[in-house]
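Asker: Kindly generate the complete structure, drawing on both the sequences and the hints.
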Amino acid sequence: MHRTGDLYGHFQTLEQQKETATLGMWIFLVTEVLFFGGLFLTYTINRSAFSTAFGIGSNTLDITLGAGNTVVLILSSLTMAMAVWSAQVGKKKLVSIFLIATLGLGSVFLGVKAVEYKQKFDHHLIPGRGFDMKYHPAHPMPGDDPKELALEKKEVEEAFSHDPDINAHGQLYFSLYFGMTGLHALHMIVGAGLLIWLIKGSFTGRFTPQYNTPVEIVGLYWHFVDIVWIYLFPLLYLIDRHR
Amino acid sequence: MQSQLPIYPEQASNFAPHVDALMVFITGICVFFAAAITIAIVFFFFKYHRKESAAVGIVTHEDSRLEAVWMVVPLILCLAMFGWGAVVYVDYRNTPRDTLDVYVIGKQWMWKAQQPNGLKEINELHVPVGRNIRLILASEDVIHDFFVPAFRVKMDVVPGHYNTMWFRPTKPGRYHFFCSQYCGTNHAIMGGWVTVMEPSDYAAWLSGSSGGSGNPVVAGEKLFAERACVTCHVADGTGRAPSLNGVYGAQVLLADGSTVTADEAYIRESILQPNAKIVAGYQPLMPPYQGQLTEEQIFALTAYIKSVQSQPAPAKGSGIAPTGNK
Amino acid sequence: MSEHIVSPKVYLIIFAALMLGTGITVWAAFQNFHQFNIVIALGIATIKATLVVLYFMHARYSPGRTQLVIVCSVFWLAIMLALTLADYDTRPHDMTLAVPQVFYCV
Amino acid sequence: MSNTPPTSDLELPSTHYLNATYGSGIRSWLLTTDHKRIALLYLASVTVFFFIGGVLATMIRIHLLTPGGALVTPETYNKLFTMHGVAMIFFFLIPSIPAVLGNFLIPMMIGAKDLAFPKINLLSWYIYIIGGSFVLYSFGTGGLDTGWTFYTPLSSVYSNSAVTPAVIGIFINGFSSILTGLNFIVTIHTMRAPGMTWFRLPLFAWAHYATSLVMILGTPVVAITLLLAGLERMFHLGFFNPALGGDPILFQHLFWFYSHPAVYIMILPAMGVVSEIIPTFARKPIFGYSFIAGSSIAIAVIGFLVWAHHMFVTGESTYAALTFSFLSYLVAIPSAVKVFNWTSTLYKGSISWDPPMIYALGFIGLFVIGGLTGLFLACLGLDIHIHDTYFVVAHFHYIMVGGAVMGYVGGLHFWWPKITGRLYPESLSRAAAVVLFIGFNLTFFPQFILGYLGMPRRYHTYPPEFQVLNVLSTAGASILALGYLLPMIYLTWSMRYGKVAGKNPWPATGLEWTTDSPPPTENFHVTPEVTWEPYDFQNRPDLGLAAGTRPLAPAQGDD
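Protein chains in written order, with the numbering used here: chain E, 1 to 243; chain C, 1001 to 1326; chain B, 2001 to 2106; chain G, 3001 to 3559.
It cannot be assumed that every hint is accurate.
What the hints assert, rightly or not - Some but not every residue of chain E turned toward chain B, in silico, with C-beta under 8 Å:
id	residue
1	Leu23
2	Val30
3	Leu41
4	Ile45
5	Thr70
6	Val71
7	Val72
8	Leu78
9	Ala81
10	Val89
11	Val112
12	Val115
13	Pro234
14	His242
Worth flagging that the hints you see were computed from the coordinates, not collected in a lab. Bear in mind that the values here come from a model prediction, so they are computed numbers and not experimental data. Using N, Cα and C, we set each Cβ at its ideal position, and we do this for glycine too.
Answerer: Right, here's the structure in full:
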């Protein structure tokens, strides 16, 4: 398919092309909403059935890292929005700066996520054969807060007397935790790839007030990923914190 | 009196005439519309056949009133079908109180049934004519479905849930039952026969074949002792756990102030996950039996608990709502 | 179609609101509001998501078509959640072993 | 002018999409972004899956000739019907009309040069091929015996067959469907030619718009559901496994949230095809254009509210069952509106007996039976008895084979001259349509009776009293097979030897018929401008017809 400048041959005008691309991204995001929606439904049904196990699982997550990551991600949304604005008003240098900032913040988010995953691995909380909710209270790691640990131990023991299948039900929580955050992280990685592509483009000064469609639609995607996290954070990290 | 090519199965339960009547009703409506449309199409097809190659049709203009008619008329008919179907379905889903309960377990690829007196059958089910029969369905592995065409009833047998179905046989005889939810390799041979008998024959059959060890009440009583249930669930209500005398079918008052009906599912849950619902006035002391009892053992315990209805009334109370509220 | 450019000032205000929302969510999680904890958490999340959609994603300044697309996605998600939960919530409680009623246990 | 235009003086255009621009080597096909060529890639690949599914179906019917099962072991039989279902539903029916005819025609019908995202269009074909390869790998290494519905815990725990690659394949294939739907919606919104307003859109485009809605809103849900089931199988998780606390009924909710609307992915495009064929061969504007267009959207929307009618006997709540039964009846109304409007279009028409018309009328006949028998299944009291019996099998084959495949084959006949530039043997194709219709009814009508008699579906062996009807059904299947083979043969033959068709052989009113056959790569030599209402034969002197009783100006096409 031939193209003239930034205009592909099957479009009449740049404006039509931009409209088309934007609508395409929005519709893609609709499918994403439904895609995550299936997971949210599974989560809801299981959480309501096994609220104790979900509460315990949630309390093992590090709320500081979770909340910190929320701040990081929202900040990256801000820099992304600023990158779009810079392109719209023609500040070519600022486009690159804000895009790089967004990529940096996204990487910080993924790094923190990796630290959290590692911790769950050490605590035998990865779903599968080795999964054991009682492992961590019995095998403290260096750097554990003894008060927190005692609380976790008490909770697990109490829960076991109510629900002999606490490991199975806790595993459901962690399956959903890894499923939902993993899928979210995968979207972040794809987003990071798109950002690298944009940054390369921005170095050549491609994005101008006349032509900034790629920045705009990657921005839409990035903000959507942010929204998913805005829901994941309270649903996964903040169950039964008041105990 | 099945002819060579029957078009409906025998009618042998209370539901069969209703379902068949529904069938006739909906078939009537559908045949009318199918015939009307077919006749119209065939008629137009020949009547307006193009005679000259360049001829065009005569424009007929859209008519909102006509469109409204053929939306509203089918809608009314649909509502009628929905309403009648709903009546039959609600009747089917609401089990009457005075039922004869038979436990049915589906597993790959056989059916086990257990009569009230504990008689066990495999791929057979004997029931008396004229009684309301309730089947309590459990699965040991995948989803199955208990289907008796002559009774026009079926219900899925879902692992982890109890489903129930009921019917009242109206005609003695032997009828096929099938598994109608695909369940793996031998799905097609996971079936058997329902034998509907005169009540007297049924009673004779029951007493003739029931062995003491097979009686679930006896088996349940034995389990009740073996598993040391009896040490806490003392019959006179003085134990650490509520007496189970007369608990079946009663309203039980729970620690959180709510009440539940003590039916099979409640008893099952109380055995497997005792701390899910704590009876008012008692401590959560009982260990959970999840994974420690087979479905059949649970049935036996339940049967025993159901049988201890007529013994002396508890002194301290069993948590049964009127007396258990201290 | 002339493009509406959102000023950085608006972005900063929205960012501040999002930060505030995050703070409130975390604070509220440590208070015991009984069954309202989840309502508060999801309520704040929805407000935050709405702000992101309206301002960061420019939905407020987009053509009606885009807004319709957004409404549709929310509507269909709602259909899926509502009709499925409607089944779970009206199941005959006494006959269900694995899954108790949804709204009372969350 | 004669009914079939004189062909001796017609020639194919010298350059068209099949030979122009990139030549015709294999690279020019595998790297093409031309929607017409991608449509042909799809045509070839769905035909492969149709053939696989058809062979499996034939084996099923032969096996069921005798009560004991004549051909294969129970395991093999279960694999046959599962693989038949998976191949036919996910890899033939869902992509057939949208990805072949829709891909080819939608840009041409609205006067665009291509779909909005040509590269994504090609990508979606590759995704389809990758997904299909996974599924074929599963078929080849142990087969699949879970039923196409993949109910848990059978699929996630108990089955010993190659479930994992199949689930991965269907998951991947879902994105092909999503991208196709996305492309159609955006194209119809932003790529219409000047003058092509929403209410001048061909009904085929309306139907595909509705179909695309279902694709983008439903497919993601089944993708994530099958992914969860696959993960559950691979890593022993417990989302849907009661032994680990999960709920198998939740799987059914999630699965049917897509898989019921998926039926509309199959039937809506076929309705679109019929809505094109009927006015063309009755030579008058379709009756109730806006009602047919609106009913497509209504079916797509209401179709999302009915899914739990597949679960009336799972023990779902009585209230939910009542709600879903009621909503299921509502979906009957827009379907009825369509049938009534098609029938009314014939009134006072000038009806020709060209082959596409025979297919379209056959479609109406079969769809009416399929649709009306849906009323039996939506009826709660009756569904207790006929759920999961052959009644259901017959019902959905009437919709999906009688309806969707009849529409697909009819559509191929209608647009074949546009796609290849050539005509096929007329009487032979008319005869094939009749054979198809008779064979289909003989195969599937007895199954309604079987179902009411109580024969459950997915049975490799059955009580002897059901044999007569099963033999009838198998006999019908052999006629049906002939009905499918005939078009395959003569359509292939016609690509080389058929008479040259010319721009507009029927003639029809759509924009796609104003350009060459086969069309040039960019579809139109100049961007068309639409000045006429849809299906208007009266004010189209370029068609060369006698407009009503008025004398007609000489034909003045732009040649």
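Asker: May I ask you to test the interface hint for E:Ile45 with respect to chain B, counting a Cβ-Cβ separation under 8 Å as satisfied?
Answerer: Check passed: Cβ of E:Ile45 comes within 6 Å of chain B, closer than 8 Å.
Asker: Should the hint that E:Val89 touches chain B count as held when the rule is a Cβ pair under 8 Å?
Answerer: holds, 7 Å
Asker: Would the hint on E:Leu78 be counted as holding, given a Cβ-Cβ threshold of 8 Å to chain B?
Answerer: With a minimum Cβ separation of about 5 Å from chain B (threshold 8 Å), the hint on E:Leu78 holds.
Asker: Have a go at the E:Val71 hint: is there a Cβ in chain B nearer than 8 Å to its own Cβ?
Answerer: This interface hint holds because 6 Å falls under the 8 Å limit.
Asker: Does the interface hint hold: is E:Val72 within less than 8 Å of chain B, judged Cβ to Cβ?
Answerer: With a closest approach of 11 Å, the E:Val72 hint is violated.
Asker: Classify the hint on E:Val30 as holds or violated, based on whether any CB of chain B lies nearer than 8 Å to its CB.
Answerer: holds, 4 Å
Asker: Is the hint on E:Leu23 kept, meaning its closest Cβ partner in chain B is under 8 Å away?
Answerer: Where the cut-off is 8 Å and the nearest Cβ of chain B is about 7 Å from E:Leu23, the hint holds.
Asker: Go through the hint on E:His242 and say holds or violated, using the shortest Cβ distance to chain B against 8 Å.
Answerer: Status holds, d = 4 Å.
Asker: Against chain B, run the beta carbon of E:Val115 and see if the smallest gap drops under 8 Å.
Answerer: violated, 19 Å
Asker: Can E:Ala81 be said to touch chain B, with a Cβ gap under 8 Å?
Answerer: Holds: closest Cβ of chain B sits about 5 Å from E:Ala81, inside 8 Å.
Asker: Given E:Thr70 as an interface hint, is its Cβ closer than 8 Å to any Cβ of chain B?
Answerer: holds, 5 Å
Asker: Restraint: E:Pro234 near chain B, CB-CB cut 8 Å. Satisfied or not?
Answerer: Since chain B brings a Cβ to about 4 Å from E:Pro234, closer than 8 Å, the hint holds.
Hint compliance for this structure: hints 7, 11, 12 are not met, and every other hint is.
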